[in-house]
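Residue numbers (UniProt numbering), protein chains in the order written: chain A, 1 to 714; chain B, 1 to 159.
Read the hints as simulated data drawn from the structure, not as lab findings.
Please note: incorrect hints may appear among the correct ones.
No farther apart than 27 Å at their CA atoms in a straight line, the calculated lysine-lysine pairs in the DSSO-like style are these [what the hints assert, rightly or not]:
hint : chain 1 : residue 1 : chain 2 : residue 2
1    : B       : K138      : A       : K618
2    : B       : K137      : A       : K618
3    : A       : K613      : B       : K137
4    : A       : K613      : B       : K138
Quick caveat, the model's predicted, so the values are computed rather than measured.
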Amino acid sequence: MAEQAEDQEQEVSSGAAREPVMDAPGGGAPAPEEPDEANPEAGPENVEFSTGGKSIEIGNFRVFLDLRMPEFDMGPCKAYSADNLRRDEGSAFAVVADPALPTRQEHINFLTGMHMAGQIDLLDSEIAYWPPFGRNTMVLFYEKPAGGRVVTGESKKATIDEHEIGTVVIEPLMGVLQSFGEKNLAHRNIRAGNLFYADPLRQKVVLGDCAATPPGYAQPLVYETTARMSADAAGRGSGTIMDDLYALGMTLAELGIGHRPLSKLGDQEIMDLKLAKGSFQAIASQERLPLVLIEPVRGLLCDDPEERWGFAELNAWLDGRRTKPVQANSEKRAARSQNLSGRDYYTVRSLAQGMAKNWVSALAPLRDGTIEIWLRRGLGDNDRAKALADAMRQLQWAGADKRAAEDVLVARAILIMDHQGPVRFKGFSAMVDGLGYMLSYDVQHGRGPQRFADVIVRDIPAYWFGRQEGFSPEIQKLQQVYKNLRYYVQQQSAGYGYERCLYALVRNQHCLSPMIEQEYVVEISQLLPALEKAAESASEDSWPVDRHIAAFIATRLEDDIEGQLMAMQNPSDEVEYSRAIISMLAIVQWRHGPDNLQNLSHWVARLMEPAIKVFHSKARRERVETEIPKLAKRGNLVELYNLINDEQERRKDQSEFVEAVAEYSEAESEVFDLESSGPARLELAEKVGQQAAAFASTMIALLTVSALFLMHIF
Amino acid sequence: MAKGKSTKKGGRSAFSGLSVVASAVLLFMVALPTFVTLVVGLLPSLVAFIFDRSPGRTMARCVFGLNFSGVAPYILELWQVPSQTVGGATQQIFQPLALSIMYGAAGLGWLLYLAMPPIVANVLNLSAQRRVGELRKKQRALIKTWGDSLIKEVDRSGN
């Protein structure tokens, strides 16, 4: 396994050469080119693009570039004022997604065109050319809420009376959560800063965008549960409704106290405080919560998801009924501390976080058994101590790569301490359901896929699954996805690797192939038009399918293309390699169109030279060579592919070729025999000549005697 | 088995030799003039049979065939005389012309034996060359149809 990991390290590091451009538009997306204002054709064909002053038309909307609406910004995704060209009433705004961050496809599909009380209306979404970025990106169009933002400043007291919070905030938000829950989705963007009044009278609130960024990415750390808060922002994971309920609790706390809870503390301090005291206790110890809100906030901020308030408890509270009291902090506190790098830790979760932060120094107390003893004696947690002892025993069986085994031990020890927390490995920290978003973030922000590959190759998520208790369909589903990831990462050839993991895990990840990255290709149907555009400036010897495109097609196409990917494993076999590529593109065109791809067809035609070699017959090759330009002109890849993949013709060609080879070899060996049999032939000639002479002599004698005899008679 | 075969062959050869000797003795006793004519006339054949040790004794057979053709007219001539005598026979065969015909015929037999193998060798060589030409033409046609890939494939399969 260690060797595989090393191999993978080399493999993935080669694909991680891109450096981040952190000050570029798009919050760290690769630097865009300057927008070509003189050339309005620069935008994609599917979006009506016309710049008139400082606005552009995208689909049914006109977006005003100079009218920013910062109150609707979602993390790095900026909001702009927009007009709905199809409807007169109401106003809209556009949230322009950061192209370096994937959007949430399931949420876009779920919310588009649907009105849901408590959730801002998502009118439409388009992939469009965005001049400030100089490239395509996703633009989400929302109905502008009539009442404005609920929280207008960090320190300003919210304008909702604490006694009205139930009807103004909780009821509409519960409706949203229930609707999301029915679809097995989590909002993951519930916070006071993302609340807006739905009406000018400010009687109800609506939640803002939840689709423009990865789940939880834009959430302040305090809004994340103790399990998810230690993950990197991009890897916080899709989560469940329980995470939304926790965020709802924190939202109530913020609305109640008038500012973000623990806003005076840094992220690390917030984490330490929440881990040490529990979420509710951490808030209660630092902030003055209104009495009326203490009960729901305590219930919703319960760190044990099993104990956390659900809809039943919230409804009961809204109805004025008493609900069961919850334990503020269920985390067991040790009688004595465990020291690590000069700090004392009293709970397993805080120790796990400490170990993740002090990766190198965490190994020594693990190896000398100090932590195991602390677990047994300090906490009385024999189960964890036994699991840790097992993990350490496995270290003894490690092969030559001791260092890798030690890293695995630390990662496993962290999971033993905090089995609900993220997968942490040498600075990498992501929830298992956030691995894809984390990978996407790393790849697009210059970190490369190495950290992800290390985690997958070292099988850390498998250990995470092993530590989960009870049956959960979500975990079962994740486990199925994970099984494939390991296989993908271990494969070296095009169509696999981290690229395949990326597209398999993140449904809305646009294709990161350098050829079409600027086109923001999310759907398979967008791929060929983007390649058609790229073909205009493609170099003579480049292939239209690279590792990213192969992985993108393999993931997004409904058809099985494993055969083509197998053929692509050996690029030195030009014939099979080119056939596989043409075949892949032809299938995509056959399934998703468009019918006419002249530039791409010409590009493919240029690269078909090796594929023509599938025919042995010169006459057939000449016929194919004559046909190719004609078909390329028609722009149909399927016809081009059929030309070189006429199975009947190929089989006939092959069998005739085999016969010809046999015939040639036979002739060659006969010629060899004839040319090398001179002495033998002379020997034969002598023997035959002598026999012929003897025979002739005998015949002459017989004829003479017969003639004399006859002459004597007559 | 090979031993049995050689024994059989040796037996037949001995039988053949014996029958020749028996015939010669019979001929000596019954027709001495004819015997004298044959012995003198077929002297080259006798020498050839003695010295030719090749399998099948083709040279001896060659010489004998034509030698006998040269002797046969004199035998018939002898038989046409009513009273055959040794003197008559001796007189007949020791004429220079008769000896020349009989021994010249034997020489022709020997020449035939010498000339026939090169002729056959030339015929065989010419036939082989013609066949090689045909095969090369066929190969050129195949290369014209299938191109260099044919050669590559042949080389590959040969390797």
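So, going through the hints one by one against the coordinates:
Of the supplied pair hints, the one linking K138/B and K618/A holds, its CA atoms being roughly 17 Å apart against a limit of 27 Å. Between the alpha carbons of K137/B and K618/A the distance comes to roughly 18 Å, so the proposed pair stays at or under 27 Å and holds. Proposed proximity of K613/A and K137/B is supported: the alpha carbons are some 25 Å apart, at most 27 Å. Under the criterion of a C-alpha separation no larger than 27 Å, the hint pairing K613/A with K138/B is consistent with the structure, at around 24 Å.
Going through the hint list in order, the structure satisfies each hint without exception.
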